[in-house]
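For reference, the chains in residue letters:
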Amino acid sequence: MIQQVYDAVLAILNKNNYGYLSPADFNLYAQQAQLDLFEDIFYQYNAQVTKENLRGSGTGYADIKKGIVEVIDMFSVTAALNHLANNTYSMPSTPTTGSDFYFINKVLCYDAAGVTFTGEAERVSQAKITLLNNSLYTAPTTTYPAYTTEGSVMTVYPSSIILAGQVQAQYIRYPATPQWTYVSLGAAQQPQFSVTASYQDFELPLDYFQDLVNKILQFAGMEIRDGEIVQFALGQEQIENQDEQ
Amino acid sequence: MAYITDYQYYTNNNTTPQDANWGSYQYISLEDVVTNFLLMYNGNHSLVNNEERFKILFHAKRAIQELNYDAFKEIKALELQITDTLRYVLPQDYVNWVRVSMYYDGYLRPLVENVQINSASAYLQDHQGNILFDHLGNILKPEYSELTRQRLTGVQKTQYLNQGAPYDGYWGYCLDGFWYFDMAIGAAWGLNTETANANPTFTIDKKAGVINFSSAMNDKLAILEYISDGMENGDDSKVTVNKMFEEYIYAAIEFGILNSKLGVQEYIVNRVRKRKLALLRNAKLRLSNIHPGRLLQNMRGQDKWIK
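Protein sequence lines, in the order shown, are assigned to chains A and B.
Per numbering that gives the first Met the number 0, residue 0 is the first one in the first sequence, and the count goes up by one each step.
Per numbering that gives the first Met the number 0, residue 0 is the first one in the second sequence, and the count goes up by one each step.
Hint data in this document are derived by calculation from the structure and do not stem from the laboratory.
All C-beta atoms in this analysis are idealised placements derived from N, C-alpha and C, irrespective of residue type, glycine included.
Treat each hint with caution, since some may be false.
[Claimed, not checked] List of simulated lysine to any residue pairs, SDA-like, C-alpha gap at most 25 Å:
#1 A:K105 to B:K283
#2 A:K105 to B:K54
#3 B:K283 to B:Y40
#4 B:K242 to A:T117
#5 A:K64 to B:M39
#6 B:K237 to A:E121
#7 B:K237 to A:N133
#8 A:K50 to B:K283
#9 B:K54 to A:E119
#10 A:K105 to B:S236
#11 A:K105 to A:A79
[Said to hold, decoys possible] For each label pair, taking beta carbons as the anchor points, the in silico distance ranges come out as:
#12 A:G164 to B:L261: 40 to 46 Å
#13 B:I74 to A:G150: 48 to 54 Å
#14 B:D234 to A:A112: 20 to 26 Å
#15 B:N232 to A:I161: 36 to 42 Å
Just chain A, same shape as in the assembly:
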């Protein structure tokens, strides 16, 4: 999809032949646009839930929330967390689990052998964890574990959870950074799209094509100081948003 987005952006930008966007700048704006849209998905999801509660949403093909959930789940990862010391584990990160996390959805705990599921850990705030550990009725157990986070470290309770393989996390990772890659052709060294080792397509599905173009155009329009481009992109985005209400 990144090639089509690139072409569309340049086509709109190149009006009167004075708009040009270098591949490096495109990649920069592409990353920013994708992250912006990615974060918006969660707000859209919340808006749809609220809409459902107000009986403003349908089922079947009208089930917008379902589509949003499917997009979010495209970024879902389940991985064992790296054990640090005692009952502490690393939060998901590129070096430990292969990807950085945007949102930890659930933390699953297993027995010492790492085979039998014992319970889902609940996130507890630092303000509550001391009280919770001292609570007679609700102190964390292997059936009802809890965890807190501090920087890149996750502490799991009860403190008997101390082995590697005992804690797994299902989380939503960040989308990979898009990279439009190219080779330079001719005397003018025109960049020509070509898949190289660092190539990375957008990870958002195709229906975000228009949103990506609009977002990138806003940044590109600012770059070439063309207010019309920015206004056009903002207008398009507004229309898009209204359509999706």
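Chain A is fixed; fit chain B onto it per the hints.
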């Protein structure tokens, strides 16, 4: 908890204890209650939303405790031999007593709670009545108070008509093999039924965690029937609730959360409160097992002639 096979039910897959699953179908586990509540009564479209799981667990446990106090008919019984200390240490999971009995001569004899105290702590005093202290300023105490010592040595008197009664040893007269004591125990003015019991008596010292018996209980078997709170000594995996109360537990959790949540409309709080109470009444009725067969058995004596 998953459904189990007949083999698992009867033999626990031939592992010890083989009776582990007997009767288990009557109950639903705490884990299932919490899981079901989270799935069915909590979420984006439910009254309960964005609540921590530990709160749900707390309210589930509190509801089970309340049921154990009065609605369940799950009375535990523990038999212990009483020695010359005349003391019965309350079980670890004791919350309240139902009945204390003495098992003697093949009969189970329910005992009467002594309305008077039969033991006390004491301070050491000098001949002028001053309280004595040690060098740290702590009060010196004897091993037993005089009241307790007299109970343990069997010389303490009691108002009950048992060993140690004030009338024990009084002169009376014997007629047709029965002894009568004119003035003392009711031949003239009627018997005081409250104290007319020949068995040993007891008092419960809740703070000390013991039942103190009168001296006649020495060397006898005491059976305490009591209720617990169903928390199984903190082992959540063993906490269960009768299925008759399952829906009540969900309603109780819902009420517990909504009742203490900011901004919940009063009509919603009232709705869940009424639902909770109605379900409790329903469950109590179901568990009371009032059915025609039982009533018939009780009614069979209605036409008996009293001679």
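Does the Cβ distance between D234 of chain B and A112 of chain A fall inside 20 to 26 Å?
Check passed, 21 Å falls within 20 to 26 Å.
Is the Cα-Cα distance between K54 of chain B and E119 of chain A 25 Å or less?
With a Cα-Cα distance of about 15 Å, the restraint between K54 of chain B and E119 of chain A holds, given a limit of 25 Å.
Does the structure keep K105 of chain A and K283 of chain B at a Cα separation of 25 Å or less?
violated, 39 Å
Taking only the CA atoms, is the gap from K242 of chain B to T117 of chain A under or equal to 25 Å?
holds, 24 Å
Given the hint of 48 to 54 Å, check if I74 of chain B and G150 of chain A actually sit that far apart at their C-beta atoms.
holds, 53 Å
Could one say that the CB atoms of G164 of chain A and L261 of chain B fall in the range 40 to 46 Å?
holds, 41 Å
Going straight from one Cα to the other, do K283 of chain B and Y40 of chain B come out at no more than 25 Å?
Between K283 of chain B and Y40 of chain B the Cα gap is close to 23 Å, so the pair holds against 25 Å.
Compare the distance between the alpha carbons of K105 of chain A and S236 of chain B with 25 Å, and conclude whether the hinted pair is satisfied.
Holds. K105 of chain A to S236 of chain B sits at ~22 Å (cutoff 25 Å).
Determine whether the Cβ-Cβ distance between N232 of chain B and I161 of chain A falls within the hinted range of 36 to 42 Å.
This hint is violated: roughly 24 Å between Cβ atoms.
Given the hinted pair K105 of chain A and K54 of chain B, is their Cα-Cα distance within 25 Å?
holds, 18 Å
Given hint N133 of chain A paired with K237 of chain B - CA-CA distance at most 25 Å
holds, 21 Å
Take a quick look at whether K105 of chain A and A79 of chain A sit within 25 Å of each other, Cα to Cα.
OK: K105 of chain A and A79 of chain A at ~12 Å, within 25 Å.
In summary, the numbered hints that this structure violates are 1, 8 and 15.
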